[in-house]
Every structure is written in structure tokens, then in C-alpha cells.
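Q: Using the sequences and the hints given, assemble the complete structure.
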Amino acid sequence: MSTNMTIHLRYWRQTSPTARGYFENRTISTVNEHMSFLEMLDVLNEELQLDGAEPLEFDYDCREGICGSCNLVINGQAHGPKKGTACCQLHMRNYSDGDHITIEPPRASAFPVIKDLVVDRSAFDRIIEAGGYVSVKTGSAQEANAIPIQKNDADQAFDYAACIGCGACVAACPNASASLFTSAKISHLSHLPQGNVERSNRVVAMVEQMQEEGFGDCSNFGECEAVCPKEISIAAIADTRRDYVRAVIQG
Amino acid sequence: MPTIIKALQSQVGRKLMTGITGIALMLFLVVHLAGNYAIFASAEAFNIYTKTLESLGILLYMAEAGLLFFVLYHSFLGISIWLGKRKARSAGYEVYKSRGGVSRQNLASRSMILSGLTILIFLVVHIWSFKFGETEMIMSADGEPMRDLRQLVIDSFTTWYIALGYVVVLSLITLHLFHGAWSAFTSLGVTNKNNTQAFKFGAYIFTIVLMLGFIFIPVYIFATGGMGSLIAY
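The listed protein sequences correspond, in order, to chains D and W. The numbering of the first sequence is the numbering used here, which starts it at 1 and goes up by one. The numbering of the second sequence is the numbering used here, which starts it at 1 and goes up by one.
Incorrect hints may have been included.
[Stated by the list, open to error] Okay, the calculated beta carbon distance ranges per label pair:
(1) W:Val168 to D:Ser135: 22 to 30 Å
(2) W:Leu56 to D:Asp120: 56 to 64 Å
(3) D:Arg242 to W:Phe201: 17 to 25 Å
(4) D:Ala53 to W:Gly92: 20 to 28 Å
[What the hints assert, rightly or not] Below, a list of computed lysine-lysine pairs in the BS3-like style, where the Cα atoms sit at most 25 Å apart:
(5) D:Lys230 to D:Lys83
(6) W:Lys97 to D:Lys83
(7) D:Lys230 to W:Lys193
(8) W:Lys6 to D:Lys230
(9) D:Lys151 to D:Lys230
(10) D:Lys82 to W:Lys193
(11) D:Lys115 to W:Lys87
(12) D:Lys115 to W:Lys97
(13) W:Lys6 to W:Lys87
(14) D:Lys83 to W:Lys193
(15) W:Lys200 to D:Lys230
(16) W:Lys85 to D:Lys115
(17) W:Lys97 to D:Lys82
(18) W:Lys97 to W:Lys87
(19) W:Lys193 to D:Lys151
(20) W:Lys85 to W:Lys97
(21) D:Lys230 to D:Lys82
(22) W:Lys87 to D:Lys83
(23) W:Lys6 to W:Lys97
(24) W:Lys193 to W:Lys87
(25) W:Lys131 to W:Lys6
What the hints contain is simulated information worked out from the structure, not anything from laboratory work. Ideal Cβ placement from N, Cα and C applies to all residues, glycine included.
A: Pasting the structure below:
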């Protein structure tokens, strides 16, 4: 049996990319602890619609923490207070009756607001386009065990490949740097033999694109690792730095 | 592949150079501290040390030029990173909170620009007052004339506001290094998931030992009125 909680929400409203945004306050009293954070917002939207108001726009897709669509900044923390958890997997049992919750879009010049809490993350797509791929001859897939890979390398590549590209790292970074995202995408390929071939071009092109998109410098705050729903280590960033130097030296 | 100039302008290059110049400046601090302790060695040791440094001529100028370059490059990068962050997040958060845990956001890392700028201003005052400070010429035991910098140091640190000022600035350098000493090695890419804790621990120990070494001198001289038994006469 769960009782209803009353939650005082304060969320960002912005009708278009160029419009001036503002905060709107609304209290909802039918929240129960089993709801995910996004389901709580669904309840909010139902109430808004019944009142004839515009629903609050926010990004989501899978709601099971694997797609990287949701990226709300909740009470000043990307994806909210829980370690290793995307906000779609954050449940209202982490809050108590009468709590005040402020919801903001991820703030970065490279992530312009489209509407309300939805931001344009195509900057990430362009970083991937710059080199986050392997060029292979198409055809039938090779037998998976045909290329031996050290377990360490396979594990590390897998850890980095867990990045879902949600942008929490950028949202939480005091400098709005995209170093963790970019480094995870560089390193998960470069550790594997298939990705090793284009290693040098990849690191240089992706680092360049990240800078061009207007993300800030890294200051080793490590906040990105703390908020990452996939808990990707900033060791990825150190990895990228080594890779970059190697690429420049080898020419 | 990018040219060296382009590589240095990239965000990775900027970070690397911040680390390299930072480590160079930390090494300089170690040498500086070793030199400072000549004040406790013998009555003449400190003045002979400074005189020997000055007699190096061209070598000293080269070392000074190198240090100036490191300081200016490090400052330029730091200021430019700070300005860049305002550009990269033109609209800020109403509420912002660190997640804690593995985050290294703390007073030290958040105040790098403030501690850094204070250190930069301090450097000008420091060099002005000690390198170019007015000193008496005295004769060494060998009959060589030398600047009595030792007396200048003692006179300075027996003045309460100078001693206090040094302790404050040295504390700010300690704060700067609490983030900087570890961060420099991460910037060079030598840290990984397994050794990060060790590097962090080492950096804290290094900072604390080094900076206590510096802070001891003005505190000791002030506390003993320049007449402490450690200072040889």
C-alpha cells in the first residue's frame, strides 16, 4: 500500500529555441513512490492538459536506462541524486512528501534548448560522425572468435561502450566539457583490433569536432564520472590524451 | 595529422601544457624550498647561496626566462579555460549541486582561478620585494662583498603583516596544489582507474610536506622575532 505524496515542482518553460524561458511552479499531490521520475512528469502533464495548459516537453524513449534520451537536471544534479541511475530509472521513493524539486534542461551552449526541457544534442552526433566508427568491408559477419582480443582490452572497451550519449557529463561539468563522452567513444573503438587501424585519425578528428561544437575545456573535476548513469571512469579521458599525443608524434 | 601549433591549441594540447607547466613549476618549488632552508644552515649560507645564484649570469637569466615562460603559459591557459567555460555555458543553472562520490569538485578545484590569480599577483610583489629589494652590502668571511638578503628576509618576516600575508598566500598555493598536483598527472594521461587513488594520495602528501616547509619559515621568524635558535648567527 502506498500513500500519495505531494511534490512541489519548479520546471523550466521555454516555448521555442529563441524565446525567453522562465520557471513555472506547480504542486502535484497524487505522486506515489512506485512511479519513476518520468511517470511523475506524465501525471503532471495529465493535470496540465486537464487544465487546458500546454504539456511540459521532456525527452525520453526506452524508460529503462539504456537509450540515453532522458537527461533532466534535477535539483542541480544531472539525472538526479542516485548513483549510476538515469532519471527514467529514478523512482519517487527517493523523495518524500512535501519535497521541492527543480527541473532544468542540461545547460550548455552546444546543447541549445528546443522546447522546455528538450535540448538539441546533435553536437554529439557530429562528434561521432567525425570519427566514431570503424570502416569495414560489408558482407557476412565474421565469426566472433576469429580475432583474439586480450580480456583486459575487451573489458575496457566494453566499459566505455556502455556510454549511452545522454549528455549528463556535459550537463554536470562546471566547464560544460564533452571530454567524457568523446573519450568513451574514442576509447571503446581504439582498444579493439577493428578500431585500432583508424586510431590516430579518429582521436584527432573527434577532439577537433568536440572543440568546434563549443564545449568547454576539461579541468579534471570528475563530476562527469560521478553523474554518469553508466559510471564511465574519467580514465577514458586520460586514455584519449595518451592517444592524442601518440597520434601527433607518429604524424 | 595536426601541426604542433594546432595540437597545442586543441583542448587536449591545452590540458597537456597546463599539466606540464604545472609540474615544472612544482619542481621549481622544491628547488626554491631547498634554497630557503639555507637560512638555517649557517650565518653566511643564505647570502652565499643567493650570491652564487646571481653569479651564474647567463645561466640564471635562462632559468628565469624559462620560469617566466612557464608561469605565463600556465596563467594564460588557466584564464583562457575559465573564460571558455563561461562561453560554453552561456545560460547557467538556477540550482547546481555536485553529486559527490567520485567527483573531485571541491573548494580547491572550484577556486583554481582565484587562487591562481592571487598567486600571480603575489609573484610580482614577491620578486619585487626580495629579488629587487633594498639590501645592505656586507663582507663575507672571505672578504667578498655580498647583499645581505638574509637580513632582508628576517626583517620582512618579523613585520606582522608581511608574515601574515605570506602565510595567507602560501595557504592559497596549498589549496591550488590540492587540485593541481593530482590533476597535472591526469592531464598527462598517466593516471588510470587503478592508480588514480595512489596519485591523489601522493599529490596530497607532496603538497602538505612542501607547503608546510614553506610556511614554517615566516611563522618561525615571526614567532621568534628573528632571534630563534635555528637561525645561525
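Q: Determine for every hint whether it applies to the structure shown.
A: Status of each hint after checking the structure:
Range check, Val168 of chain W to Ser135 of chain D: about 58 Å between beta-carbon atoms, so the 22 to 30 Å window is missed. A beta carbon spacing of about 59 Å between Leu56 of chain W and Asp120 of chain D agrees with the range 56 to 64 Å that was offered as a hint. Checked against the given bound of 17 to 25 Å, the beta carbons of Arg242 of chain D and Phe201 of chain W, roughly 22 Å apart, stay inside it. For the pair Ala53 of chain D and Gly92 of chain W, the beta carbons lie near 27 Å from each other, so the given range of 20 to 28 Å is met.
Between Lys230 of chain D and Lys83 of chain D the alpha-carbon distance is near 9 Å, which keeps this suggested pair within the 25 Å criterion. Between Lys97 of chain W and Lys83 of chain D the alpha-carbon distance is near 14 Å, which keeps this suggested pair within the 25 Å criterion. Annotation: proposed proximity of Lys230 of chain D to Lys193 of chain W holds, straight-line Cα distance about 15 Å (limit 25 Å). In summary, the hint linking Lys6 of chain W to Lys230 of chain D is not supported, as the alpha carbons are separated by about 33 Å, beyond the 25 Å threshold.
The suggested pairing of Lys151 of chain D with Lys230 of chain D holds, with an alpha-carbon distance near 20 Å, which does not exceed 25 Å. For the proposed pair Lys82 of chain D and Lys193 of chain W, the alpha carbon gap of about 22 Å is at most 25 Å, so the pair holds. This hinted pair checks out: Lys115 of chain D and Lys87 of chain W have alpha carbons roughly 21 Å apart, not beyond 25 Å. Between Lys115 of chain D and Lys97 of chain W, the direct Cα distance comes to roughly 24 Å. Compliance with the 25 Å bound is thereby established for this hinted pair.
Taking the CA atoms of Lys6 of chain W and Lys87 of chain W, the gap is about 21 Å. The hint holds against a cut of 25 Å. A threshold of 25 Å between alpha carbons decides the hint, and for Lys83 of chain D with Lys193 of chain W the separation of about 18 Å falls inside it, so the pair holds. A threshold of 25 Å between alpha carbons decides the hint, and for Lys200 of chain W with Lys230 of chain D the separation of about 23 Å falls inside it, so the pair holds. Annotation: proposed proximity of Lys85 of chain W to Lys115 of chain D holds, straight-line Cα distance about 24 Å (limit 25 Å).
A threshold of 25 Å between alpha carbons decides the hint, and for Lys97 of chain W with Lys82 of chain D the separation of about 13 Å falls inside it, so the pair holds. Taking the CA atoms of Lys97 of chain W and Lys87 of chain W, the gap is near 20 Å; set against the 25 Å cutoff, the hint holds. The straight-line distance between the Cα atoms of Lys193 of chain W and Lys151 of chain D is roughly 16 Å, inside the 25 Å bound, and the hint therefore holds. For the given pair, Lys85 of chain W sits about 17 Å from Lys97 of chain W by alpha-carbon distance, which is consistent with the 25 Å threshold.
The hinted pair formed by Lys230 of chain D and Lys82 of chain D meets the criterion: a straight-line CA distance of about 12 Å does not exceed 25 Å. A distance of roughly 29 Å separates the Cα atoms of Lys87 of chain W and Lys83 of chain D; the hinted pair therefore is violated under the 25 Å criterion. For the given pair, Lys6 of chain W sits about 35 Å from Lys97 of chain W by alpha-carbon distance, which is inconsistent with the 25 Å threshold. Using a Cα cut-off of 25 Å, the hinted pair Lys193 of chain W and Lys87 of chain W is violated, with the two alpha carbons roughly 31 Å apart.
Taken as a hint, the Lys131 of chain W and Lys6 of chain W pair is broken in the structure, with Cα atoms around 37 Å apart against an allowance of 25 Å.
When held up to the earlier numbered hints, the structure conflicts with 1, 8, 22, 23, 24, 25 and fits the remainder.
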